[in-house]
Amino acid sequence: MTHDPTTSACGEPGRLAGSATAAPQPPGRIGGQIDYDKFLDCVHCGLCTAACPTYLETGDENNGPRGRIYLMRSVVDGRLELTPRVNAHLDLCLDCRSCETACPSGVEYGRLIEPFRASQRRAEAARQSARNADWFHRYILYCLFPYAQRLRWALAPARLMQQLRLDRLLETLGVIKILPRRLQRMQSFLPRLLPGGPPLPEFLPALGPKRARVALFTGCVADALFRHAHWATARVLQQNGCDVVVPRTQVCCGAIHYHSGADHPALALARANAAAFDAAGVDAVVVNVAGCGSMLKDYGQIARELEPAQAALLAELGGLADKVRDVSQFLAELGLIAPRGELKLRAVYQDACHLVHAQRVREQPRDLLAQIPGLELLSIAEPEICCGAAGSYNLTEPEMSDRLARRKLANLLAADPQVIVTGNVGCSMQIQSALRQARRAIPVVHPMELLDLSYRGVAFSRG
Amino acid sequence: MTTTDHDVSRSAAGVGAAFLTRLESIFGEHGLIRQPEELLVYECDGYVIEKNVPDVVVFPESTEQVVKVVNLCAEFQVPFVPRGAGTSLAGGCLPVGGGVMISLTRMKRILEVNLRDRYAVVEPGVVNLHLTQHLKGTGYHYAPDPSSQGACTIGGNFATNSGGPHTLKYGVTVNHVLGAEVVLPDGSVVQLGGAVEDTPGYDLTGLFVGSEGTFGVCTRVTVRLTRDPAACRTLLAVFNSVREATQSISQIIGAGIVPAALEMMDQGIIEAVEAAFHFGFPLDAAAVLLIEVDGLEVAVDDEARQIIAICQAGGAREVRQANSPRERQLLWKCRKQAFGAIGRLSPSYCTQDGVVPRTKLPEIQEFITAVGQRHAIRIVNVFHAGDGNIHPILLFDERDSDQVRRVLEASEEILLKCIELGGSVTGEHGIGVEKISLMHRLFDAHDLDVMRSVRQAFNPGGLCSPMKMLPTAGACGMEHVMQKRPGRRAAL
Amino acid sequence: MPRVAEPIDEYLPTTPGELCRWMAENADGEQRPVYPVGGRTALRFGYPAAAPGITLSTAQLARVVDYPARDMTITVEAGIRMDDLAAVLKRERQRLAVDVAQAHRATLGGAIATNTSGPRRYGLGTLRDYVIGVSAVDALGRPFKAGGRVVKNVAGYDLCKALVGSLGTLGVITQATLKLRPAPEASALVWAAFDRLSLIDAALARLAVSSTRPMALELLLPGAATAIAAEAGLDLPAHRPVLCIGVEGAPHEVQWQIDELTSELAEFHPHDLVAVNALESLRLWFALTEYQVVSDEPLTFQASVRPSQAVEFAACADQLGISVQAHAGNGIVLGHLSDRATTLAAAHSLLAPLYDFVRRAHGVMTILNCPPDWAHGLPLFGDLSPAWELMRRLKSQLDPKNLLNPERFFGRTPRDA
Ligand SMILES: Cc1cc2nc3c(=O)[nH]c(=O)nc-3n(C[C@H](O)[C@H](O)[C@H](O)COP(=O)(O)OP(=O)(O)OC[C@H]3O[C@@H](n4cnc5c(N)ncnc54)[C@H](O)[C@@H]3O)c2cc1C
Ligand code: SF4
Ligand code: SF4
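Protein chains in written order, with the working numbering: chain A, 1 to 463; chain B, 1 to 492; chain C, 1 to 417.
Hint data in this document are derived by calculation from the structure and do not stem from the laboratory. Mixed in with the good hints, there may be bad ones.
[Claimed, not checked] Each pair of labels, with its calculated beta carbon distance range: (1) B:Ala309 with C:Ala86: 23 to 33 angstroms; (2) A:Arg127 with B:Arg378: 24 to 34 angstroms; (3) B:Glu318 with A:Thr83: 53 to 63 angstroms; (4) A:Glu202 with B:His278: 34 to 44 angstroms; (5) A:Ala410 with B:Arg378: 30 to 40 angstroms; (6) C:Leu12 with B:Gln456: 25 to 35 angstroms; (7) B:Glu327 with A:Ala279: 39 to 49 angstroms; (8) A:Gly374 with B:Ala275: 40 to 50 angstroms; (9) B:Arg317 with A:Ala338: 33 to 43 angstroms; (10) B:Ala309 with C:Pro372: 26 to 36 angstroms; (11) B:Glu75 with C:His362: 27 to 37 angstroms.
[Stated by the list, open to error] Here are the simulated PhoX-like pairs of lysine-lysine, each with C-alpha atoms no more than 25 angstroms apart in a straight line: (12) C:Lys179 with C:Lys90; (13) C:Lys90 with B:Lys417; (14) C:Lys179 with B:Lys169; (15) B:Lys136 with B:Lys108; (16) A:Lys38 with B:Lys333; (17) B:Lys169 with B:Lys333; (18) B:Lys136 with B:Lys333; (19) B:Lys169 with C:Lys401.
[Unchecked claim] Not close to chain B: a few residues of chain C, all C-beta gaps over 10 angstroms, as computed: (20) Arg44; (21) Ser57; (22) Ala59; (23) Ala62; (24) Asp158; (25) Ala250; (26) Leu273; (27) Pro298; (28) Ser308; (29) Arg360; (30) His362; (31) Glu389.
Quick caveat, the model's predicted, so the values are computed rather than measured. Beta carbons are placed, not taken as given, at the ideal position from N, Cα and C, and that holds for glycine.
The following block holds chain A by itself, in its conformation from the complex (with noise of 0.2 angstroms):
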């Protein structure tokens, strides 16, 4: 075979690939509610490339932010069949948002991948019948982590395995081998499950002059595995002067729905949640949860992508939306009181993507912390770069997201810490299970525990 490179290269007039001209696609189509203004946001430049994680591990374009779009782009064009390879590469995304902080031209990555891929689910589950879908997606993700309570309670044996050591005992014996592998995967990332306490109050008020009237946001697997951090934050917005509710009506961010395609599910959370909070009438609704925080505050988002037609939903979500302000950043709005405990302790903060990302609440937790008499806080290599939790994404891409929490753990470990804080359940959960398989005990705690041992003059303890 010969190839001429000088003669192959003039010829015939061919189409011009991607053309920036090429005519949205009617909805029903993968994709198609998308703004297709929202891709040609996209300039192309590459810049985000080294931000993302899955790019890194595999410097593969495909598996990259200005890949990602442009498969996407060519699916919505029709240039493209989602095949299963393009679908993989779609898949391998932590949905992570990296990429968008990266971005200079402010592409909003978010709110491409995330309604292509609702939309995808939606196709999913009209081909296939709900008899043979993906059970695991279907029962675990749908119907037990969006309820706290149901959670809980599904734990319940878990914590006392835990608290009996008889995980380990059933490790030793590879009974969990048994178990499906997702579920076995699962297990093996439960934190230690700490006694969470009592469900908080209804109201907690503000000690010392009052400031501010603010509403916490609890969650589902939150307010399951993490009450303590709950509690925590409770008490640290107290000292701060805020009357603090908790209105019981609340429900899950809808989070988990709104991904897997389930909009009118995701939409019926989040009017209830809507509902709550306004009845609340607070200054503002305070979420210690990143992926949580998030996702309320893209509700007016979702609400525009999903009823465009309905200016009141818009309106009743959005009015949400603008309230939600992540803890760290309403307390740095707000302005610390200083805390007076010392904490002699090296810590790293270890940024939650839905935080830094998403949100871009980067500076206020660290902010937070140095606060704190006697805490040090020290710098990390790659701090933007996921640790791989990424909601299920561990459950879905278990490989890539290993590979990922191994990543950050080398990392995190390089700068020799004595705590690890983090603003996000996941990432506390993901960084818990990798420390657990390198065997090295260094607790994971959120930033509002610290900050709550500072105030209440009581020593961190490694329990």
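Given the structure of chain A, go ahead and fit chains B and C with the ligands onto it with the hints provided.
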């Protein structure tokens, strides 16, 4: 100039099955891409006007693998093109004629850092910023800092001789490369230069830098590390007229001060940047200069004072100094991400990259304004002013074909004016496929002949990056296919 | 082609155009070897000419073509003497920041062709960092240019790099555009003598993280130190190894650095430490530059090792009775063999341990100057790496008839090969 859309078509034959089988035995299933739906994203880089899908993409992880693929290409006479991060704005990674794309993204180890001897050895796929981050805290850094440094690779920088804001004082990539290991198109591995200085013979390292992938594949680079400056001062000078700003630039340089960086943004850019970053730029200012001086603590304040005085005498209505590292960072972020922010002004834009002698900045600036008016095209400007490197950005709406035509004409007029003023048509983005047609304007037939001879020494069969940088003498004239549409928002 | 033994003629073109025509005629006609010369200060670098030919002198191509001082660039013809160039630049308080020895004779073209440098290369780099454009004439008489007159330019291949250090084998450089620097207001040298070389080694490691930013880090062993002090007409302590550190800048910046260096060096117990200032410093800079090329010795070499190996290499050479000056910050060691090495064989055995050293250290050793009849008995350019094959290809591409300095780089090769 035609307005029809062309594709840089691939060879009808593509690559054969025997070739692919051999390639697969080298790279395995995970080291190679050959499915059309996965090749699609490799059809262009940061330059989106010309596209062509490669026949196959390989991801070597070692020099040996690069040698193998290059040898195979030689055996089967298949063209190949190296690719780093694909941020080229000149179509440097366009696989003209199809063939193999050699992606260096998996060769990204930092192999050695030697501070005492001021060098580091890296693989080509190391991202520029990652090297800098790796060196953080050592007191040393890698000086070339292209605006794309968060993504572009050292191999790509090496191949394009990248510059950046701080190259005014510290020089461009070639001034910081000591040596390289390269795989030539005949499959031989040659070490050029190295960790010791003054290796005898021709400076092939210097010649290879900036050869835009047409000499072979770089598989290892030895770079010079630079001491961090002991101190720096970052100033922002605000002017009511662009002329005053550009004149102040030549005053500063003329006064014998070499700032670490000297950048200019005009009103249009200020507006966009302010919308994006809320720095507090005065929206009614005609131009701002971002000036940084660095050096010894005992010296920087004096220099800063001198610059402030020059700017004030030159008509600056205000000169501010960044008061904290965070403020400095934000200022630089505004500058480095200025291009991205342009998306907020217009649906499409096209960035040019010309150079003039620094004293000609006022002249070229006025010319640009006139060209914009004549063609009824809005042009905003951000300059690496200290180097005379201009980046006029032409705003347009690509759906309007007449605007597109006017943008192309205006761009060409500006670049030709740069030549006329004694400058060049590219200060950092390279020729690639984008500016091949302008090479004739800059160089005469002899110059180009000599350059062809030089390429012949490295790349005699022409399989490596065909149809790049030099117009083909007498061949089918790729250059006529160029320059049809400026592309949607072709970024900086 | 017949090789005629004829006397070496000299040709002095007065314009580049004339030079082109002449070169073309030669290439089409007689095809005599052409030996370009500038100030004739470095003609013994490389292999000697094997066949008679024509010496081509650029002496009459010495105009300043364009000096837009405010652009900090200058375009000049290649035959300009370095001193004359410096004088032109000085009027605008600018300079070409490269030290060139014998500047009253050396021409810019010659400096470029030999890639000359000096002490300041530590802080300011070498000619490859300053030549931003060149015009040249190739062996066939075709004028060509590369680069341009602007400081930043990536259009086309950077042939400036190919010509810097090309020893006149690729083309006759007729014109160059240089990037300039402001001349510093003040400069000084800190001259410190130490009891032992190991202390200097430690001091150099310390200086790699100094709070000052030296322009030069020179290591002088006693023989060189004595000669340099004498040349500068300064009474400096020179019977111990010396570290000589150059600083430049505004006067208070220079003074601050002197103070700082004095205290940074204290922990290495310098035996004597003198700050050489003002006019005296100019004489010392000059002496440091000139000593590199002292020519009354039989053989001069330049070794390139990593900076951290420079002291060890210098010690090794010193033990062999070789007088040594090192641009220690760059790992460049210059050695002058003493008169004891009167024969090639003696030189061989003297250099053997040094060749071993550079081999172990992955460095190189180049002979800058030796009697012509020794040249083919010594590896003038060290062990030839695979890159030399590529260099040969480049040479034959640009000079297919092998007319320009045919032997300089590659030694005796059959001319019709
Ligand atoms: C927003 C933006 C801002 C930019 N700002 C600057 C700037 O300030 N200064 C500047 O100089 N440039 C700038 N660029 C241009 C571009 O980023 C640089 O040219 C960069 O060096 C390209 O690096 P890369 O890794 O992306 O290389 P690629 O784009 O992948 O390749 C560029 C060229 O190098 C060749 N190449 C790549 N790797 C190798 C290798 N290992 N061996 C041989 N050849 C190779 C390719 O074939 C191609 O011709 C900018 C680009 C963008 C999109
Ligand atoms: S998403 Fe942003 S950064 Fe990435 S290629 Fe598109 S425009 Fe560039
Ligand atoms: S969201 Fe994260 S994983 Fe997905 S493309 Fe962006 S950076 Fe990559």
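Against which earlier hints does the structure fall short, listed by number upward? 2, 5, 10, 13, 19, 24, 25, 28, 30, 31
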